[in-house]
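Use these hints to put chain B onto chain A, whose structure you have.
2 protein chains.
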Amino acid sequence: MTEHDLIKLLTRRLPGNDRVVLGAGDDCAETAILPGSRTLLLKTDAIVEGVHFEPDAPPEKIGHKALARCLSDLAAMGGRPECALVTLGLPAVPDPVKIQRIYDGLNALAERYEVAVVGGETTRTPRSLLLSVAVLGYAPGDGGVRRSGACVGDALFVTGSLGGSLAGRHLDFEPRVAEALWLTERFRPHAMIDISDGLARDLTRLASASGVGALIDADFIPVSRPARERARRRTAAKPPLTAALTDGEDYELLFALKREDAVTLKDHWNRRFPATPLSLIGRIEAAEGLRLKRNAGVSAIGELDGYDHFS
Amino acid sequence: MTEHDLIKLLTRRLPGNDRVVLGAGDDCAETAILPGSRTLLLKTDAIVEGVHFEPDAPPEKIGHKALARCLSDLAAMGGRPECALVTLGLPAVPDPVKIQRIYDGLNALAERYEVAVVGGETTRTPRSLLLSVAVLGYAPGDGGVRRSGACVGDALFVTGSLGGSLAGRHLDFEPRVAEALWLTERFRPHAMIDISDGLARDLTRLASASGVGALIDADFIPVSRPARERARRRTAAKPPLTAALTDGEDYELLFALKREDAVTLKDHWNRRFPATPLSLIGRIEAAEGLRLKRNAGVSAIGELDGYDHFS
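Protein sequence lines correspond, in order, to chains A and B.
By numbering that gives the first Met the number 0, the letter at position 307 of the first sequence is numbered 306, and the numbering carries on one by one without gaps.
By numbering that gives the first Met the number 0, the letter at position 46 of the second sequence is numbered 45, and the numbering carries on one by one without gaps.
So here's chain A without its partners, still in its complex pose (with noise of 0.2 Å):
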């Protein structure tokens, strides 16, 4: 059973209200909870030592990581952080250096992006330490960009570069907060998800909760650093554009935008986020799935080559 199974036998029938605006499935979820008043958005997620950082890992980067993961879902749907939420699970003996150091690097991203800690619980754990962060933010004003709005003709962008993120930057990578708040409100996204499985699968999510296709450009695909590194040094490293197609864990805005848009987009944006790429890598097209176009022609490429958790 893979990850996409197990969520879809979960989400199948859970207990709604007459409040909940969108449920399980997108990045966050909405809810109006609050009458007249802009709608809510909510994340929750955990990571835990041994599957998502490695027991020597800096106190301050597992922190930091626990939180950026949720404010970069709540990027993807072109939200403002508003507070959050933290269960810290410990095994027995507690060292109190290093749980401060692992708040250190939480607090330091919260007051980055004015988020408040409004408390949270402690817990045991009987090996693993585990750190569960739930967020809270507000929607944009015209509601929360989702992954099921892309339109065929639609410009394909993503942020930043690709693969090899376990190298090092998925422990300290800076959400894209910032940019999706500018962006969502100036340029409405038809679609926008946070890239964490890779660009091939998170890809392929944004395009089939849309009821549409993809093509990419294999010259377009901004390959990191490490990626290219790592396939120049390991010959048994997966080439580098493997690895920005289907390495996880770069957290990365994918989305797709109205093209008439597009180039004044990414004139904005560059001088508006000089440090962060922004790169035109395909378009929204009708027909299902998922197309890589190279020198040698266009191929399809499967949504099985992403990162699954369980596997």
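Calculated from the structure, these hints are not laboratory results.
Glycine included, C-beta positions come from ideal geometry on N, C-alpha and C.
Check the hints yourself; a few may be wrong.
To be verified - Covered by chain B, per the in silico footprint, the following chain A stretches (three or more residues, Cβ under 8 Å):
#1 33-47
#2 78-91
#3 95-108
#4 118-124
Unchecked claim - Computed list of lysine-lysine pairs in DSS-like fashion (alpha-carbon distance at most 30 Å, straight line):
#5 K60(A) x K97(A)
#6 K60(B) x K97(B)
#7 K60(A) x K237(A)
#8 K292(B) x K257(B)
#9 K7(A) x K97(B)
#10 K237(A) x K292(A)
#11 K7(B) x K60(A)
#12 K60(B) x K7(A)
#13 K97(A) x K7(B)
#14 K265(A) x K292(A)
#15 K265(B) x K292(B)
#16 K292(B) x K237(B)
Just chain B, lined up with the frame of chain A:
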């Protein structure tokens, strides 16, 4: 280092913002993120296999317990739960039937209180199953009932019966949501907490948050049947009163109420909640600390008699 010290360390310097009404340290956090509206209550919590439930616990009860603990904390502020997010951490090979049963238990409880389950994540854990839940709810019109409002002379009440919860009740207790909503609306307690770490410890928390002390009467403390039975069967077991004072995981409400309202409350309560016992167990006093009145006289009881997750 005790759990208490650890939490104090962690919550000393959390980032805030000007919408935070009440940060870490009470049963829930409270935030006024939507101006002019009712404030929101937030709570997150996690349970882990081998710590909060045994590997052979019925999966429905695992799901029930994870959500029920959060609802109990919301109840302790007089809040109305609104929606929940779930993170399920699973060892490498998930068993779909077991997972569905966990969600069945959680969903059934959610439906009973009209709590929408708006999503969540699955994640991998090295060995033990873990279930983390975040709940969002409405505070009462005049704000959440805190631990810190108890006044000298207040009557102290506790719901249900105490001790011996680990014999089974900890997995299927009903959170006192309905009772707390009714109580807060009609009698507005000065201070309230849910008993998760034993009456002695949680009453000490309430009293010290309020800057007061308390006297409780041994004859009036409602001792549960499991606590009595265990003491009868096993000579090494705690005496029943000790169990009622110090066993963890009761999830009953403990509250301080204006003395003049005590009789009227008891009267109305018995008619409204005939199946939920309510006991007047003592009173708030000016002198700090917790005192127990028995036939032999009054003696101080230390806060360390309660249940510590790390001891």
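Verification of the hints:
{"no.": "1", "hint": "33-47", "in the structure": "holds (count 11)"}
{"no.": "2", "hint": "78-91", "in the structure": "holds (count 9)"}
{"no.": "3", "hint": "95-108", "in the structure": "holds (count 5)"}
{"no.": "4", "hint": "118-124", "in the structure": "holds (count 7)"}
{"no.": "5", "hint": "K60(A) x K97(A)", "in the structure": "11 Å, holds"}
{"no.": "6", "hint": "K60(B) x K97(B)", "in the structure": "11 Å, holds"}
{"no.": "7", "hint": "K60(A) x K237(A)", "in the structure": "26 Å, holds"}
{"no.": "8", "hint": "K292(B) x K257(B)", "in the structure": "21 Å, holds"}
{"no.": "9", "hint": "K7(A) x K97(B)", "in the structure": "15 Å, holds"}
{"no.": "10", "hint": "K237(A) x K292(A)", "in the structure": "19 Å, holds"}
{"no.": "11", "hint": "K7(B) x K60(A)", "in the structure": "22 Å, holds"}
{"no.": "12", "hint": "K60(B) x K7(A)", "in the structure": "22 Å, holds"}
{"no.": "13", "hint": "K97(A) x K7(B)", "in the structure": "15 Å, holds"}
{"no.": "14", "hint": "K265(A) x K292(A)", "in the structure": "22 Å, holds"}
{"no.": "15", "hint": "K265(B) x K292(B)", "in the structure": "22 Å, holds"}
{"no.": "16", "hint": "K292(B) x K237(B)", "in the structure": "19 Å, holds"}
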